[in-house]
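Spelled out, the chains give:
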Amino acid sequence: MSTVVLLAITGLGLGALYFLVASGLSLIYGLMGVLNFAHGSFLTLGAFAGWEIARRTGADSWVTFLLSLVLGAAVGAVMAALTEFLLVRRLYERHIEQVLVTVGLGLATVALFEGIWGTDPVFITGPAWLEQTTSIAGARIPNDRFMVIFVAVLVLLAIVAFLKFTRFGLIIRAGVENRSMVTALGIDVRKAFTLVFAVGGAAAGLGGVLASHFFGYVSPLLGGSLLIFAFIVTVIGGLGSLTGAAIASVAVALLQQFANFYAGGTGDLAVVLALAVVLLTRPSGLLGKKA
Amino acid sequence: MRENEMVRDAEHGAQSPVRRESEQSPAASPGGDGGRAAPSARTLTTWVAGAALVVLLAVLPLLNLSLPGILPGPTYTPGALQVLAFALLTAALALSYHLLFGVSGLLSFGHALYFAAGAYGLAILLDRAQMGLLPAIGVTLVIGLVLAALTGAVSLRVTGISFAMVTLAFAQAGSVIVRRNPDRLTGGEEGLALNTDRLPELLVGVVNTKYLYWVALVVLLLVYAVVAWIEHSRAGHLMAATRENELRVRVIGQRPYVIKLIAFVVAGVLATVVGMANLLLQSGAVPRAISTDFTLTLLVMVVLGGVGSRWGAIVGGVLYTLLDQRLNALASSAWIEELPSVLRIPLSEPLFLLGTLFILVVLFLPGGIAGAVGRVDARNRRRTGKADPRTLLEEVV
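Order-wise, the sequence lines are chains A and B. Quick note, the first sequence lines up with residues 1 to 291 if you use my numbering. Quick note, the second sequence lines up with residues 292 to 688 if you use my numbering.
Note that these hints are calculated values from the structure, not bench results. You may find that some hints are simply not true.
[Unchecked claim] Here are some chain B residues pointing at chain A (derived, C-beta under 7 Å):
(1) A444
(2) L447
(3) R448
(4) S453
(5) M456
(6) Q463
(7) V467
(8) Q545
(9) Y548
(10) V594
(11) L634
(12) I636
[To be verified] If you want the ones that stay clear, here's a sample from chain B, every Cβ over 12 Å from chain A, calculated:
(13) R333
(14) P365
(15) Q373
(16) T442
(17) V449
(18) D488
(19) Y502
(20) W505
(21) V609
(22) A625
(23) L638
Computed from a prediction, not measured in an experiment: that's the story for all the values here. Ideal Cβ placement from N, Cα and C applies to all residues, glycine included.
Whole structure, please, built from the sequences with the hints as guidance.
Written as structure tokens, this is what we have:
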């Protein structure tokens, strides 16, 4: 029983990380039709920014931890907004080229991070509470799991509230539904593009800081390894659907954890298999629009 | 090629997700296409130049040419031949990717899987099954064919970004298996060394690098011949037509799924061939050969050279490999060490420079190198008064 609880909560934590990456991917794809290959770099940069500030101000205080979260999100948002403004915008409506530009950015930035911070993982510590465990139903669960889940739920609620109750959210939702109609009504959708990139980048940067506590290290390849599963999550959930991304994140991460434990480390293969099955039965994903 | 062009011209003005590519492709194939209708002096020049280039490449190991800054030594030395052979094989692999992406418009992120199937398949058969070289090559080809057919049949059920994701997922699954090292079969992170017991002596050892170089050259010519033949065949025309407008292909009674599957399987088998040659050249297989990054670099090469152009893919592959080698050498050179860290760090990361170059090409040089050459060519000809009928037609339309 305790194993099941441990696996389930660790799976939820991993799912929360996937969601933080996939939510941005899904929003960006839904509004602009761009699959952002540089999204992993937003996450990595956020993680390194969080680590840098923790290193300078003492890693074990809560203030530092909160500061690193804020800084990680801000750095991710700025980098994402710049990416949209300087690169993606110039290739408006040319989707293949937009993907290519993000591919190039992804490759270049990972190399740059390796140049700056080295290729080896940097091990990190956080506030003492995060290092401890809590007992639930006999299972000793590391506290960072709860933190990751808590923040991801907050982000989900914040994004949903933003989309539902603000004017920009309205424009973004309308843009996902029918972009040419929104443009025809005289609304400048391009502002929404930058905004969506910034929101996605902030979620990824936040995910980066949390991922570095979850795994216990930062490395230039952190983003890339999460990005592949975030892609799978996005496609399974249905491209452009936030709820789909949330459901798929949890499902994929749980499947991965349980298959890894009970089926001899076949978690990654099980996820790939799940992707194939979902796409063959529902090509547009669980909650995607009919293609 | 005519049929293909008509589809393309009819498409102008219609909405098509890959229209940018179609705009590039007419300019992107210098020589080859235009000559199909009537062999002109120009086509002849292209053929003679191509043949001369092949002869030059073939006798290179016998010559003493020094290209300082490009090759590590004179052309007859094993070091230089190793670099050149690797460049040729990379070009061949880029050419096989061109058949997928440039001709058929299939954006695959899993092409490395079939390359790795060739490298790992041959290495395992030579080592574990104790097969001779030729039977092992035959079996590996069949493995590559079956793998490409199976994964292609599944992933082509979806299109566009979903297709890209499924191919990515398959390659990722392959990567996981290779790294997990089942039964110590694949060597995990360290890779697999080539077992040279059953190999002919000519293909073993540093002294014999020139034979491996010739093998690489033959592989490149073979891949080129197959890709050129397919592009000029009815199947190739249908692949291009499917890329432009799948619905119309279906309306004229063809089956896009089968056409795309043929392109996918042929490209996969060609990649397997290149993978086997690469195993012999590098005396081993490494897990990087199956990583997503490796497929992404193929994409970079094809785009750098010019999407839709065979020559572009070759030039892109060779250029990328040589640049990568040179930039690595640059990174460890003395004068870089002395620079302030703001300059030193970016300059000592080859992939950063290549990625930036790639972004600049996508932004400012649509059609890559081949596209730029084609534009200069067209401008010159307009000035001399001999306009290409195709450009004229495009201007009218």
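Hints, one by one, checked against the model:
1. A444: With a minimum Cβ separation of about 11 Å from chain A (threshold 7 Å), the hint on A444/B is violated.
2. L447: violated (11 Å)
3. R448: holds (6 Å)
4. S453: holds (6 Å)
5. M456: Hint on M456/B: holds, closest Cβ of chain A at ~5 Å, below 7 Å.
6. Q463: OK, holds: Q463/B within 7 Å of chain A, min 6 Å.
7. V467: holds (5 Å)
8. Q545: violated (21 Å)
9. Y548: Status violated, d = 13 Å.
10. V594: For V594/B, the interface hint holds, since the closest Cβ of chain A sits about 6 Å away, which is under 7 Å.
11. L634: At 11 Å from the nearest chain A Cβ, L634/B fails the 7 Å test, so the hint is violated.
12. I636: holds (4 Å)
13. R333: holds (31 Å)
14. P365: Since the minimum Cβ distance to chain A is about 31 Å, P365/B lies beyond 12 Å and the statement holds.
15. Q373: holds (24 Å)
16. T442: The claim is violated: T442/B sits with its nearest Cβ about 9 Å from chain A, within 12 Å.
17. V449: Since the minimum Cβ distance to chain A is about 5 Å, V449/B lies within 12 Å and the statement is violated.
18. D488: holds (33 Å)
19. Y502: holds (34 Å)
20. W505: holds (33 Å)
21. V609: For V609/B, whose nearest Cβ neighbour in chain A is about 19 Å away, the distance exceeds 12 Å, so it holds.
22. A625: holds (18 Å)
23. L638: At roughly 9 Å from the nearest Cβ of chain A, L638/B sits no farther out than 12 Å, so the non-interface label is violated.
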